[in-house]
Amino acid sequence: MKILIIEDEKGLRESIEGYFSGDGNICEVAFDYNSAIAKVSLYRYDCILLDITLPDGSGFNVLRYLKDHNNPDGVLIISAKNSLDDKIMGLDMGADDYLVKPFHLSELKARVMAIVRRKSFSGSNLLVFNEIVIDLLAKEVKINSTILKLTRKEYALLLYFIANKGKVVSKNAIAEHLWGDGVDLADNFDFIYSHIKNLRKKLEEIGSKDYIKAAYGMGYKFADQ
Amino acid sequence: MKLLARYNRVNLIAAITVLFVTGIIYYLAISYILNYQVDKDILIEEQEIFSYVKQNNALPPVVEYKDQQIQFIKVNRPVNRTFINTDYYNAKGHEYESGRGLITSVIIKGQIWQISIVESKVETEDLIQIIFFITIGVILFLLLVLFMANRFILNRMWQPFYDILNKLKGFTLTDSKDIVRGNSSIDEFAELDNAVINMASRVKTDYKDLKAFTENASHELLTPIAVINSKLDSLIQTGEFNTEQSRLLNDVYDAVSRLTRLNQSLLLLVKIENHLVKDDQVVDLKHLLETKISQFKELFINKELDLKYDLVAKETKVSPYLIDILLNNLIGNAIRHSKFNGTVNVTLTSEKLTIKNTGENAPLPKDEIFKRFNKSANSEGSGLGLTISKQICESYKFDLLYDYEDSYHCFTVKF
Numbered sequence: 001m002k003i004l005i006i007e008d009e010k011g012l013r014e015s016i017e018g019y020f021s022g023d024g025n026i027c028e029v030a031f032d033y034n035s036a037i038a039k040v041s042l043y044r045y046d047c048i049l050l051d052i053t054l055p056d057g058s059g060f061n062v063l064r065y066l067k068d069h070n071n072p073d074g075v076l077i078i079s080a081k082n083s084l085d086d087k088i089m090g091l092d093m094g095a096d097d098y099l100v101k102p103f104h105l106s107e108l109k110a111r112v113m114a115i116v117r118r119k120s121f122s123g124s125n126l127l128v129f130n131e132i133v134i135d136l137l138a139k140e141v142k143i144n145s146t147i148l149k150l151t152r153k154e155y156a157l158l159l160y161f162i163a164n165k166g167k168v169v170s171k172n173a174i175a176e177h178l179w180g181d182g183v184d185l186a187d188n189f190d191f192i193y194s195h196i197k198n199l200r201k202k203l204e205e206i207g208s209k210d211y212i213k214a215a216y217g218m219g220y221k222f223a224d225q
Numbered sequence: 001m002k003l004l005a006r007y008n009r010v011n012l013i014a015a016i017t018v019l020f021v022t023g024i025i026y027y028l029a030i031s032y033i034l035n036y037q038v039d040k041d042i043l044i045e046e047q048e049i050f051s052y053v054k055q056n057n058a059l060p061p062v063v064e065y066k067d068q069q070i071q072f073i074k075v076n077r078p079v080n081r082t083f084i085n086t087d088y089y090n091a092k093g094h095e096y097e098s099g100r101g102l103i104t105s106v107i108i109k110g111q112i113w114q115i116s117i118v119e120s121k122v123e124t125e126d127l128i129q130i131i132f133f134i135t136i137g138v139i140l141f142l143l144l145v146l147f148m149a150n151r152f153i154l155n156r157m158w159q160p161f162y163d164i165l166n167k168l169k170g171f172t173l174t175d176s177k178d179i180v181r182g183n184s185s186i187d188e189f190a191e192l193d194n195a196v197i198n199m200a201s202r203v204k205t206d207y208k209d210l211k212a213f214t215e216n217a218s219h220e221l222l223t224p225i226a227v228i229n230s231k232l233d234s235l236i237q238t239g240e241f242n243t244e245q246s247r248l249l250n251d252v253y254d255a256v257s258r259l260t261r262l263n264q265s266l267l268l269l270v271k272i273e274n275h276l277v278k279d280d281q282v283v284d285l286k287h288l289l290e291t292k293i294s295q296f297k298e299l300f301i302n303k304e305l306d307l308k309y310d311l312v313a314k315e316t317k318v319s320p321y322l323i324d325i326l327l328n329n330l331i332g333n334a335i336r337h338s339k340f341n342g343t344v345n346v347t348l349t350s351e352k353l354t355i356k357n358t359g360e361n362a363p364l365p366k367d368e369i370f371k372r373f374n375k376s377a378n379s380e381g382s383g384l385g386l387t388i389s390k391q392i393c394e395s396y397k398f399d400l401l402y403d404y405e406d407s408y409h410c411f412t413v414k415f
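Residue numbers (the working numbering), protein chains in the order written: chain A, 1 to 225; chain B, 1 to 415.
The set of hints was computed from the structure by calculation and includes no laboratory data.
Hints should not be assumed to be uniformly reliable.
Lysine-lysine pairs mimicking BS3-like chemistry, simulated, CA-CA at most 30 Å apart [what the hints assert, rightly or not]: (1) B/K317 with B/K414; (2) A/K221 with A/K142; (3) B/K303 with A/K153; (4) B/K271 with A/K87; (5) A/K87 with B/K314; (6) B/K390 with A/K149; (7) B/K308 with A/K81; (8) B/K397 with B/K204; (9) A/K153 with B/K204; (10) A/K87 with B/K208; (11) B/K390 with B/K286; (12) B/K278 with B/K208; (13) A/K87 with B/K278; (14) B/K339 with B/K286; (15) B/K177 with A/K87; (16) B/K177 with B/K397; (17) B/K390 with A/K87; (18) B/K314 with B/K397.
Remember, predicted model here, so these are calculated numbers, not experimental data.
Construct the entire structure; sequences and hints are all you get.
What follows is the structure in C-alpha cells.
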C-alpha cells in the first residue's frame with residue numbers, strides 16, 4: 001500500500017508516517033501545496049492523507065488539482081476544522097472521507113484501509129486474515145467456512161483490529177470508534193473489556209486462534225504471534 | 001408609576017390647587033365689591049332719611065322701594081350703627097332672600113327711633129352664582145384640556161423614549177441584528193438613541209472578540225493535541241512497558257482524551273452560539289431515540305440499569321448533528337449518574353422528551369447545573385455537556401428543564 005501524507009505539522013506527519021510504515025506499506029510525505037502537487041503529479045497512491053490547512057494554500061486546492069486531473073487516488077481529509085461546511089465541501093469535491101483532528105492513529109488507519117479496500121478493483125470484497133475471512137459486502141465473517149455470528153459492534157471491532165493488525169490499539173481509540181467521539185465515556189471503559197471478551201470467545205469457539213492480546217492494561221493488540 | 005401618570009398627577013393637582021385658591025380669592029373680591037355697592041345704596045337711603053328728618057322733624061312715610069325695605073321702631077336707647085347680613089322678605093314672591101341691612105337710629109322730638117334699611121342681595125347673589133358657574137366651567141374645561149394634552153401630546157413626545165426602551169429590551173448579545181436608529185427630532189432622544197446604539201455595538205464587538213478568541217484558542221489547541229495523541233499512539237507501539245509505565249501512560253491517555261473533548265465542546269458551543277450549524281431537516285425523533293438506545297445498550301447492560309422507554313412518533317425540524325449531541329449528552333448523563341442497578345426512563349410525547357434516572361438522593365442545584373464547568377465532584381465529564389444541551393435547546397426555542405421528583409433526576413425537553 002502506497003500512502004502520501006500531506007501535512008504541515010512535523011510532529012503529526014512523523015507519527016502518521018511511523019504508524020503506517022512497515023508491513024509492506026510505503027509512505028511519502030509532503031508539507032505544503034507545492035511539494036504535494038509535485039508528488040501527486042508524478043506518482044500514484046492508494047490513499048492520500050490531506051490536511052486542508054496548509055501554509056501556502058488550502059488543501060482544497062490540492063483536492064481540486066487531483067479532481068481536475070482525474071486522479072483516481074483515494075483522498076482522506078484530515079482537518080483541524082470541525083466544520084460541517086468544510087466536511088460537506090470536501091466530500092462534494094470528491095474526497096473519500098473526512099477525519100477531524102485530533103484523532104487516534106488506529107482510527108486513521110482503519111479509515112485508510114476502508115478507502116483502499118473500496119478503491120481496489122481486485123473484484124474481491126473479501127478481507128482475509130489467516131483463517132478469518134470477512135465478506136465486506138455481506139458483512140459476514142467465516143472461519144474455516146463456518147459462519148460466525150457477531151453483533152454489529154463486534155463486527156466493527158474485528159474490522160478495526162484487522163485494519164490495525166500488529167499495533168497496540170488504545171481503549172480510548174476503541175471506545176471512540178465504537179461509540180463515536182460525541183459520547184463522553186472517559187469514566188467507564190469496563191464495557192470494552194466485556195466486548196473484547198465476547199468477541200474472543202466467539203472466535204475461539206469456532207476454531208480461530210486467539211489473536212487478541214491485552215497490551216499493558218492500556219489497550220489491545222491483534223496479532224498473529 | 002409611569003412617568004406620564006406621575007406628570008399628569010402633579011400637573012392636575014397643581015392646576016386644581018391654584019384654580020381653587022384663585023376661585024376663593026375671586027369669590028371674596030366679587031362679594032366684597034358687590035356688598036360695597038349695596039352698602040353705598042343703603043347709605044344713600046340713610047342720608048335721604050336723615051335729611052327728611054332734619055327738614056320735617058318727622059319720620060318719612062314708609063315707602064316700599066324695589067328690593068328695599070325700611071322699618072322704624074321705637075327704642076329706649078340709641079343703637080350702634082352697624083351693617084348686617086340679614087334676610088329680606090320678598091312680599092311679591094312671598095319668600096325670604098338673603099339681604100344686606102343697616103341698623104341706625106335717629107332722635108325725633110326726644111324719641112329714639114331705630115331705623116333698619118334692608119336691601120335684597122338676590123341679584124348680586126345671582127351674579128356671583130353665574131360668575132361661579134362660568135368659572136367652574138372654565139376650570140373643568142381647562143383641566144380636561146390639560147389632561148388630554150398631557151395624555152396625547154406627551155405620549156407622542158415620549159414615544160421615541162419607549163421605542164428606545166423596547167429596542168433595549170429586545171437586545172441580545174448573540175443576535176446578529178443591530179439596533180435600528182430611531183428618527184426622533186428631539187435632541188435628547190436622538191442623543192439617547194445614539195448612546196444606546198454606540199453602547200450596543202461596542203458590547204457586541206467586545207463579545208465577538210471574546211468569542212473569536214475562544215474559537216481561535218481552541219483551534220490552535222487542536223493541532224498540539226493531535227500531535228500529543230499521535231505521539232502517544234506511536235509510543236505504545238514501541239515495546240514492553242512495566243505496570244508503572246502502563247499506569248502513567250493510561251493516565252496521560254485519559255487526560256488527553258478529556259482535553260480533546262473539552263476543546264471540542266468549547267468549539268461546539270461557539271458554533272451553536274454563532275448559529276453556524278445550519279443543516280436543519282425533519283428528524284424522526286422516535287427512530288433516533290431507538291437508535292441511541294441500541295447504541296447505548298452495552299452501557300445499560302454493563303451498569304445493570306433498568307431501561308424503560310415509551311416513545312410516540314414525533315418529528316421535528318432540527319440539525320441531525322446537534323440533536324444527536326443533545327441526546328448523547330442527556331442519555332449519557334443519565335447512565336453516568338445512575339447508580340449500579342438503577343433505573344432510566346425515556347419518555348417521548350408530542351410535546352416533550354423526558355429522560356429521568358435514579359442517582360444521588362438529593363436534587364441538583366437547578367440554577368447551577370446549566371452553567372459552564374459546573375459538575376458534580378465525582379463526574380469525569382467536561383462540565384460542558386448540559387451547557388451545550390441548553391444552548392442547543394435554546395437555539396431551537398425548546399425548553400430544557402430539570403426537576404427532582406420521587407428520587408428521579410428528571411431532564412425534560414419541551415418542544
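How the hints compare with the structure:
1. At roughly 14 Å between alpha-carbon atoms, B/K317 and B/K414 fall within 30 Å of each other, so this suggested pair holds.
2. As the CA atoms of A/K221 and A/K142 are separated by approximately 21 Å, the hinted pair is consistent with the 30 Å bound.
3. The straight-line distance between the Cα atoms of B/K303 and A/K153 is roughly 18 Å, inside the 30 Å bound, and the hint therefore holds.
4. Using a Cα cut-off of 30 Å, the hinted pair B/K271 and A/K87 holds, with the two alpha carbons roughly 15 Å apart.
5. Of the pairs offered as hints, the one joining A/K87 and B/K314 holds, with about 29 Å between alpha carbons and a cut-off of 30 Å not exceeded.
6. Distance hint between B/K390 and A/K149 is unfulfilled; the C-alpha atoms sit about 41 Å from each other, more than 30 Å.
7. Of the pairs offered as hints, the one joining B/K308 and A/K81 is violated, with about 38 Å between alpha carbons and a cut-off of 30 Å exceeded.
8. Between B/K397 and B/K204 the CA atoms are separated by roughly 22 Å; this keeps the pair inside 30 Å, and the hint holds.
9. For the suggested pair A/K153 and B/K204, the alpha carbons sit about 47 Å apart, so the restraint of at most 30 Å is broken.
10. For the hint linking A/K87 to B/K208, the alpha-carbon distance of about 25 Å falls within 30 Å, and the restraint holds.
11. With a CA separation close to 21 Å, the supplied pair B/K390 and B/K286 stays within the 30 Å bound.
12. Note on B/K278 and B/K208: the hinted pairing holds, with a Cα-Cα distance of about 20 Å set against a maximum of 30 Å.
13. In summary, the hint linking A/K87 to B/K278 is supported, as the alpha carbons are separated by about 13 Å, within the 30 Å threshold.
14. Restraint check for B/K339 and B/K286: satisfied, since their Cα atoms lie roughly 26 Å apart, inside the 30 Å limit.
15. Our distance criterion of 30 Å between C-alpha atoms is met by B/K177 and A/K87, whose separation comes to about 28 Å.
16. At most 30 Å may separate the alpha-carbon atoms for a hinted pair to count; B/K177 and B/K397 meet this at roughly 18 Å.
17. The suggested pairing of B/K390 with A/K87 holds, with an alpha-carbon distance near 25 Å, which does not exceed 30 Å.
18. Proposed proximity of B/K314 and B/K397 is supported: the alpha carbons are some 17 Å apart, at most 30 Å.
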